[in-house]
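Novice: Chain residues, written in single-letter form:
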Amino acid sequence: MNKRLLRRLDFTLIFAAAAIILMSLVVIGSATHINTASGGSFVQRQGIFAILNIALAVFLMNFDYKMLQRYGMRLYWINLALLLAVMLFGHSALGAQRWIQIGPVSVQPSEFSKVIMIISLAALLEDRVGKLNTLQDLLPIVGFVGLPFLLVLKQPDLGTSLVFIAIFLGMVFAAGVNLKLLGAFFGVGLLASPLLWHFLKDYQKMRILVFLDPNVDPLGSGYHIIQSEIAIGSGQLFGKGLFEGTQSQLDFLPENHTDFIFAVVGEELGFVGAAVLLVLYLVLLWRGVRIAQDASDTFGMLLAVGITSMLAFHVLVNIGMTMGIMPVTGIPLPLMSYGVSALSTNIIAIAILLNIYVKKQRLLF
Amino acid sequence: MMNEFETRLKVLGGLMVVIIALLIARAGYLQVYRGDEYVRRSDGNRTRLVPTVASRGTFFDRNGQSIVENRPSFVVSLLPLTAPIQPEVITRLSVLLQVPREEIEAKVKAHTGYEPIRVKNDVGPELLTVIEEQSELYPGVIIEVQAVRDYLYKTQGAHILGYVSEISEAELERRKDEGYKTGDIIGQFGLERVYDQELRGVNGGELVEVDVTGKPVQILGQKEPVSGHDLYLTIDWRLQAATEKAVDDQLALIGAKAAAAVVMNPQTGEVLALVSRPAFDPNLFVHGISEKNWQAINENPYDPLDNKATTGEYPPGSTFKIVTGTAALSEEVVTPTEQILDTGVYWLGEKGNAGGEVLGWLDFTSALAHSDNYYFYEMGYRLGVDRLEKYARMFGLGEKTGINLPYESEGLVPSRAYKEKYLEDEWYDSETLDAAIGQGFNLVTPLQAAMVMGEIAANGQRFQPYLVSKIVDTEGNLVKAYTPKLLSALEVPDNVIRLVQQGLRDVTKEGTAAGVFGTNFPVDIAGKTGTAENSQGADHGWFVAYGPYSNPGIVVAVIVENGGFGSQSAVPIGKRILEAAFGLDGSVPVVSVPQKKQG
Chain A
0 MNKRLLRRLD FTLIFAAAAI ILMSLVVIGS ATHINTASGG SFVQRQGIFA ILNIALAVFL
60 MNFDYKMLQR YGMRLYWINL ALLLAVMLFG HSALGAQRWI QIGPVSVQPS EFSKVIMIIS
120 LAALLEDRVG KLNTLQDLLP IVGFVGLPFL LVLKQPDLGT SLVFIAIFLG MVFAAGVNLK
180 LLGAFFGVGL LASPLLWHFL KDYQKMRILV FLDPNVDPLG SGYHIIQSEI AIGSGQLFGK
240 GLFEGTQSQL DFLPENHTDF IFAVVGEELG FVGAAVLLVL YLVLLWRGVR IAQDASDTFG
300 MLLAVGITSM LAFHVLVNIG MTMGIMPVTG IPLPLMSYGV SALSTNIIAI AILLNIYVKK
360 QRLLF
Chain B
0 MMNEFETRLK VLGGLMVVII ALLIARAGYL QVYRGDEYVR RSDGNRTRLV PTVASRGTFF
60 DRNGQSIVEN RPSFVVSLLP LTAPIQPEVI TRLSVLLQVP REEIEAKVKA HTGYEPIRVK
120 NDVGPELLTV IEEQSELYPG VIIEVQAVRD YLYKTQGAHI LGYVSEISEA ELERRKDEGY
180 KTGDIIGQFG LERVYDQELR GVNGGELVEV DVTGKPVQIL GQKEPVSGHD LYLTIDWRLQ
240 AATEKAVDDQ LALIGAKAAA AVVMNPQTGE VLALVSRPAF DPNLFVHGIS EKNWQAINEN
300 PYDPLDNKAT TGEYPPGSTF KIVTGTAALS EEVVTPTEQI LDTGVYWLGE KGNAGGEVLG
360 WLDFTSALAH SDNYYFYEMG YRLGVDRLEK YARMFGLGEK TGINLPYESE GLVPSRAYKE
420 KYLEDEWYDS ETLDAAIGQG FNLVTPLQAA MVMGEIAANG QRFQPYLVSK IVDTEGNLVK
480 AYTPKLLSAL EVPDNVIRLV QQGLRDVTKE GTAAGVFGTN FPVDIAGKTG TAENSQGADH
540 GWFVAYGPYS NPGIVVAVIV ENGGFGSQSA VPIGKRILEA AFGLDGSVPV VSVPQKKQG
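In order, the protein sequences belong to chains A and B.
Terminal number for the first sequence in numbering that gives the first Met the number 0: 364, no gaps in between.
Terminal number for the second sequence in numbering that gives the first Met the number 0: 598, no gaps in between.
There's no promise every hint is true.
What the hints assert, rightly or not - With a cut-off of at most 30 Å between alpha-carbon atoms, the simulated DSS-like pairs for lysine-lysine come out as follows: (1) B/K9 - A/K358; (2) B/K9 - A/K65; (3) B/K350 - B/K418; (4) B/K222 - B/K479; (5) A/K200 - A/K153; (6) B/K469 - B/K175; (7) B/K9 - A/K179; (8) B/K479 - B/K153; (9) A/K130 - B/K9; (10) B/K180 - B/K119; (11) B/K350 - B/K508; (12) B/K256 - B/K153.
As the list claims (entries may be wrong) - Far from chain B by the CB rule (all over 10 Å, computed), these chain A residues: (13) R6; (14) I19; (15) N34; (16) L51; (17) V57; (18) W76; (19) L81; (20) L87; (21) R127; (22) P193; (23) W196; (24) Y202; (25) K204; (26) T257.
Calculated from the structure, these hints are not laboratory results.
Using N, Cα and C, we set each Cβ at its ideal position, and we do this for glycine too.
Produce the complete structure using the sequences and hints provided.
Specialist: This is the structure in structure tokens:
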């Protein structure tokens, strides 16, 4: 990476992402009792993977994102193959078949498939921008996203499949889809949702019922939401202090280093800490939209919109879930939740954003 | 560039702001607006109040001898904190403790929450050692230490002391205003019940921080428990033992099952001994009584839990002639010297003495000494039921004595009012005759019988019977002292009481109890036998007595249910109690004996 490149980096975006990753390491440390003898090695692991992925991101800056467009369809098929592989060879955790063991690492292909989805959809949409006015225009796109969507839903991974919908909506919206058409499509989808209900597993149905009223099952599915709300609420303005959150430290809060990490932030760092984190996410997302606006080509714009939509959806659904305004779907918080697959995906996605930003500026020179 | 899509991207940018603003607003609502509420819920999650049970007060007799203590009991329990109890652990425990598998499994199945599941109480040290040394074979098994009541003398004094057990749902509902909580130990009977508030003390506790499994993490606060107060009884434990032995020996001898005895100081009201048979062992209740033991108690037709000394109501039989005689002399329906001829069968009702005995000419004292029914029929006839009722009530019959034991009975005084109210019938003169000799509509408790005799002994003074002399705290400071309480006095001329006393003394000299007491009994005793007819079975035998005659320190009442003649069933018991009280059996005397005609 040369000096000219260095000067053209989006430092605001890098600062926001780096701040979130640092905060993540601290909070994961607290959530996994790193201050006690029984503490795990989660911080170490997450930190190592963060550094490796940042190195990979730096290396990727030598390439031009535009070459991705050429591989769009190939990546799409690889994606489908991966998702099928999960279905056939994956091992399950928490009732869902999502993992593939590669050496010492359990890989969650559905995490990577989100970014692959964005790249291939951007490639597909690139020459259709502004030409999405009829059902005939839209249906191929729907089919294109629908196939991997159904494969992920079948795993079952409702969260990731919903992320696909968010990516789809954000990108076709930016691609200038006829809003009436999109509205009609949505209407049909809404009407079909009772049908979808039948495809949900019992635990997924329970999650939705519990979302509507956590007290349906206070010791089962509702327990997570209730304990998470207690954790966040009891943090009050300034929090109980790092390592001092009783809900988290005494294990009342389940999965506090993965999906419910925001509850630890809320409990130990208070409203102030939570608001700082949320503002950092706003910076991240805002830069995403700005990069889309400034992108040198349609493909870059679509990529940036897809990545931003994906991140925004994750932030909204994950944090909303911990505060009881979104159902429990098992979507991790980008750059915060422990989990190396999601961390890699998100750092690569941000690297792509940076790449789009760099290339835009080269045009201006 | 791409101006046609600028607007849409601006909308997306706006959407990002809206999303983050929504989340910040929600966080503010939870953390700032409703923060206090969630702090309370979070504290509720992590803190547990672990009560430290206050040490229950103990009992001492009048001489400071310890009667009831608390002892540590080792309980083997299961605590399924992190994982369910494995079946092989239950099997091992079942074999080791000899508790049926099904019983343990049922308890485990019914278990909720984080309280230990008690498998067996009072486990001996050998078995505890096995569990401790092979703890890897017993995961989830814990040993708890509990302080339990130890009634040192088992059944002795059971009806005085009572027993304790865990508070029942119904009792808790009724008494929660008094500070009782679920799982509290409460006195259920006897003094344990009456003085529960004094004995229980104030429980302390620890505010403990726990993790999600309920495992304590640290102690946040502590409150020391305050031990309960100790009770010093009026009971003389040695005399109590002697009284129980006298009763038990006699019951075994004559094959009777139920009896009661009351021993008091007539000049103060202090109860020195109080016995009811059959008895029970209060130790059986300390861990919750077993089905088998409860069945044995519950199905015993003589009701071991019934304190017959205070709740049993019996026809007083001839012991009532004390009342009839006092009434007759006081009302001057007869003079002390008037001779009445017992011709065998009284003209009204055509009844006479049991066994048809005919005693000929009798004055007041000899009629009392020989318990002549003919004479007292005549007295009853001359007095009428109303005057009989008046004197019975003057002696305190028909009402509770107010002794500090629960469930006391009132007895029944013969009266027109009673018959009209409950039988809707008028009073007949023949019923007055029955009442005059302690039959018919006439019921007393053994305690009341002792009271009547005691009033004669104390020259008409009626003292309230009581069982507790003082209450002291654990440091030995006096909390409360009880002193004799004069309830009333007989409003009769002094010479009347003296004449009754003389008649009663002659009972042991030449009358119905002379056969048992013999001529050489070293202490002058006044007594009265009685044989109460019982429609359900054999007669009940009575004996009431006091002594020494000149300065009475003790009054005794004994009844043997279905024991037949009082002179044969109850008098031997009374005599042995008196011997023990005066130290005539070689023991230390409870009551000092005036120096007279030794040997």
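Novice: Run through the hints listed earlier and report the numbers of any the structure violates, in increasing order.
Specialist: none
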